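Chemist: In order, the protein sequence lines correspond to chains E and A. Taking numbering that gives the first Met the number 0, the leading residue of the first sequence gets 0, the next gets one more, and so forth. Taking numbering that gives the first Met the number 0, the leading residue of the second sequence gets 0, the next gets one more, and so forth.
If you're looking for bench data, these hints aren't it; they were derived computationally from the structure. Any given hint could turn out to be false.
[Claimed, not checked] Derived SDA-like pairs (lysine to any residue); straight-line CA-CA distance at most 20 Å:
hint, chain 1, residue 1, chain 2, residue 2
1, A, Lys350, A, Gln107
2, E, Lys342, A, Ile212
3, A, Lys350, A, Tyr86
4, A, Lys188, E, Thr398
5, A, Lys215, E, Thr398
Here the structure is a predicted model, which means the values were calculated and not measured.
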Amino acid sequence: MQGFLDNLIRGWGHDPATWPWTQFVYLFFMGLFSFLVINFAAISGGIFSWAERRVAARMQSRVGPNRVGPAGFLQWIADAVKLLFKEDLIPDEADKVLFRAAPYFMMVGFACVFVALPFSHRLIIADMNVGIFYILAVTALIVVGIIMSGWSSNSKWSLFGAIRSAAQIVSYEIPAGMALMIPVLLAGTMSTQGIIRAQGAWPWQWFVFDNPAATAAFFIFFTSALAEGNRTPFDLPEAESELVSGYNTEYSGMRFSYFFLVEWGNLWVMSALAVTMFMGGWQVPFLPAARLDALAGWPAFFAEVASLAVFALKTLFFVFVVMWLRWTLPRIRVDQMMNMCWKYLVPASFVAVLFVAGWMLVVRAAPLLATAMHLVLAGAAGAAVVLFVLRVARNLRDTGDKFDFTSNW
Amino acid sequence: MKPLELPTMDMENKEVLRRIEITGDMLLNMGPQHPSTHGVINFLVQTDGEVMKRAIPEVGYLHRSLEKIGERCTYNGFMPYTDRVDYIAAMFANQGWAMAVERLLGLQVPKRAEYCRVIACELNRISSHLVSVGTMAMDIGAVTPFPYALREREFINDLLEELCGARLTYNYLRIGGVAFDLPSGYEEKVSSFLDHFEKILDEFNRLITYNEIFIKRLAHLAPIPGPMAIEYCLAGPNLRASGVGFDVRKDLPYSVYPDFQFDVPVGKGEVGTVGDSWDRFWCRVEEMRQSCRILRQALAQIPRDAQIMGKVPRKIKLPEGAEAYSRIESARGDMQYYVVAGPGENAHRVKIRTGSFTAMGIIDALSRGLMIADLVALIASLDVVAPEIDR
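Same shape as in the complex, but just chain A (with noise of 0.2 Å):
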């Protein structure tokens, strides 16, 4: 019997391919080497000269197979792996994967542990947003904000490397703490940093956020409405720019999330429509300044006993078939890592679910009749990056 033939994502492309030249229309390949697609994401483009009628994002240039190796490894070898989920937010991977074993070890978490994960994930947050918003301006072809803002990210970077060694793959987070306690004077040094950081923010916005032309390209673009939004499994900044105040930090708090007093940014349509482009970028401006309200509120409450890591088993064996579920709010949205316990040292089943992938999911619904200028736009707004699509 021959097997069945299951509809994959390529044969879809086939026939839109197919369709796409009975139409006699022009079949654009933006990618996957293209320089504004933030990593190898293949856009497949019908177009009619600069209106698209439609675009297809076709994923999967960067897959590497990260579930699997979880199975393989064991808990705490797949710690290094989880950075190469999303390099730009790597600790927010961490994170999730730190928080889904340990619900199944039913570990308790050091309190300063929790205290320095938050500090090191803000942090991030504000270094993987400065990324994302730098990347948008220079899509819409301003240069400047871009180094810019990666001279700031630099500065996180350095204080990252102080806590953990690393400027882009941290592995900082353990299964039941964390692996280094804050350096000496570290607090002095980020909230040195924060005083500096917060008037930057500010010159960013003269820069480049109420910039007219800017205004001009991004207000009214590719409006998601809430409901939309919400249907479509849309995440983090993007969901939130749409008018859906949903922030895993504050609706379903973890770690020491309560004991911090911030704001949820939510897009207001300030200058075009509720969840346009400009909500999406101004929403990410915004969790920054709270970031840095967090930071400050961390710096000043965390505890002074010197434990780091909880009591974990040199061995971690579960139950075979002990599930867990973890949500975290990452950089890119709600970050969720599904473990199944395996019989020996490691997991069954690993499933990571991204803020990205379902970015991807809805930029075919909103490309109809957008020009290419604008998915450029649409693509960089959304914040996607390549590995969280395919992990």
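Just chain E, with the same shape it has in the complex (with noise of 0.2 Å):
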């Protein structure tokens, strides 16, 4: 973004260097973009607390809200003006400071991700040389959030949220992490832009598909994801049949909103990040990313929406995903987390690290070994898609069940 501004000054006949108003361009673009960034993130959220409900209601042969404005789409709206108006209700036992300063512990450490988060080909807030680190460090802000929320509310279901979920996203972590390495290692860069561009547009050139080890390593980084968003399958922190409601049980109004807000903006963050790290970002089909960066005036304008857009699909498939998985599967039990997370995470991410540091050795030696096994992997996961769609259609038709999408808006 700097060099945006850079250039924007240089328009206006200045040099960066010696104008002397260059640092207040630099505040107000700052609070412009953080301004922009932080409404994205909440306005996604608010939409995906819709898009869930609806898909839930489908998966479960409901209508689900389809009350307010076209297909309930304004649902969103009408229950963040509810909850702003809601009683900010705080328990008389509960440490008043910690339980107000909870909620914007999770927001500050949920809006701080998107300035490392990529939307398109020039799109990103600040394309750091440490992105994933910095996005690493800041997730870390939601836990403590949690925490604070769950220890000040003073009460004992919240504190049981709070320590399950410390123990978790401090676990899982550890997996995530080291499975986010494999990009780096393959990519020889921390910068999330770069590790874009060094994929390409085509399923066979995404790091997913580059070796097994890679391949494993989505599914660890997914796996772990998951956990730290505190979804379905690991959603033991708020699960509701077991803790009330987890850490936010003593919640009510804005605050509360807050965690969910943060809860399905977080859907944004682990998807991006997944298509980021491992499927091929916004790298646009039939445009390399050395085409797109020589790209001037309107055609550069188009590549621009057309790598956000690439980008934006790609993301809300893994969104649906998320939801998919939370609307179909059971919830796991405490120990079975930590156990999955330290028996086979782990050890799985650390062998899947050496594993690709030893296959970029041999890819060196041999590049056609790296090509067939692209194409190898990615065939293999064509054909799991049409198996997915066959025993689907099988069930479908076991059932006597029909599609029907079209209906109930």
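Combine both chains into one complex, guided by the hints.
Modeler: Written out as structure tokens, the structure reads:
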């Protein structure tokens, strides 16, 4: 973004290095961009809350919210307004300072991630050279917020939720971090844009199909991201049937809505991260990154929109997958959750990193092997998709069920 | 002289609380308004973190003195109240009461009425088990099976509404028969529902029963060996899941159940130990299948004559002190009514024995060493319904 601003200032006929107002321009645009990003985060979180309810309703042969606006789309605004107007209740026995502060920690930890998340070829707030490190670091603030809320609520259920959450998020950061190291190894950079540039637009050019360990790493990362985002099957910190509502039991009104905003907004974060690291990011077919760089004027604008659309579509697909998992799977138990992390995911992620390091040495000697492996893995994934579709068709036939996407909007 | 202080449930809890305080463990009140206690039940959970040391069920939050009401009402007048004994499966409570009074009267119920009763009861058994397996899946965290189960239950509710005008508290049975005959075309409606439902059961199994996480959560969880189940007087699917194939419909036949061919599903420990929570879940799913079989036979064999009420005196007066006892296989197991006739038009004593109450008794013994999430699964797998515990 700094390069963009410098170009802008040069466009006005000043030299950004010597012009006295440069810092003020920076400051103004910092404010503007953070406003835009927080709004993007909040609004996408709100829209996902509507989408999730519609998706869940479709899966459960229900209708879901369809009253407010077309297809109930404005439901999230109605809910937000309702939550804003509700009394901000603070329990008598609560630690009032921590209780008030906890939602902000969540919100800050969540909003900061968007700084380093790419949206399209040029659209990124800050393309840091330690982008992945930065993302992993600021997401840790969320767990601070959860623990604060659980502890300060002075409720046993909240405490259970908070302690579960602390154990879960801290544990799953290790496999998630190790799995993210694999794209970093393959791309040779920690910058999110750099990692996308190292991939291609077509599935066989993505890092997920680079080698078997990278495929495994993708699943490890996705599982860990589900756990870090408190999504089913890892929604133990807020398991309704066990812990009433978990760490946010005592919250109401706007503070409560912060927790849920973060939860739904995290859908975008975890999906965008998966797309960036493993699924080719914004790479547009037939338009390699180098050609995108060279474009100017209106073609550049349309190419930018195309790359934005590609990224958004991939991300929204993963958002849907996360919702799909949530409304399909039961919840696992605390001990099973810890077992899975420490006994399977952590060792597997370490092995995967070592494997990829070795694989890169092998590929340097035989580059053809890399292409062959890409194609084989992408083909296997395609075959898996075909098998899945056939299986679904068979199940539908057995039950005598039928698709219905048109009614009850 | 001071009246003797009887030991009550309350006192025991106070003692428990005192002891928990001494040990320094945490006391967790799970209930009475907890989302997964299936009604208003309280569990005093002595815990040291996630692993429980003990969970003591505290019942009585939903006590409505139904047995006492039964002693104040006339025999016919108590029938609507019996619906409230177990509102998930109200038909069975109807039938237990009707059978007990019919035994007192020495009454013969017309064959068609008996078939109507069986059809209504088996439909109700399916709907009750649907609630049970659906809420169990929800307690494990899978929300989707629950609306699936409730969707099918709605069809049954529609059928029962057509039969008796009510969707929850049916008040369908009468002493000596049933209130209404089957409406015209009812047999076809029920059998087309069954055709649809048997496919849905397979879908349900694909969706949740054989789900890997579901099995991981429930297999080997709180297994009840057969002898222990008998010791704790467990009844119904809870008992049968432990490998004890006792079903009142088979072993102490009543009504027209001897006319039907059906199996009694018994827990086999397919994925874990015999009598674990998964077996209890599986037993209910299989029982729905068997109920479908019974329903198909009942629809085929139902006599065509229109007689649905036996000869019942307008005022039921019985010799004082006459006793009767009825046992039926309710959705929650062996439901028993004990009636002692009083001097007037009402009973001197009514006692109802229900499956949920005995199921509560075993929770304390099973809870040691379980985790809190397991307690939720255990309660759900025992299929306790709060009104049936407290009556």
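Chemist: Does each hint hold? Answer for all of them.
Modeler: Comparing the hints with the structure gives:
no.: 1; hint: A/Lys350 - A/Gln107; in the structure: violated, 23 Å
no.: 2; hint: E/Lys342 - A/Ile212; in the structure: holds, 17 Å
no.: 3; hint: A/Lys350 - A/Tyr86; in the structure: holds, 18 Å
no.: 4; hint: A/Lys188 - E/Thr398; in the structure: holds, 19 Å
no.: 5; hint: A/Lys215 - E/Thr398; in the structure: violated, 26 Å
In terms of the numbered hints stated before, the structure departs from hints 1 and 5, listed from lowest to highest.
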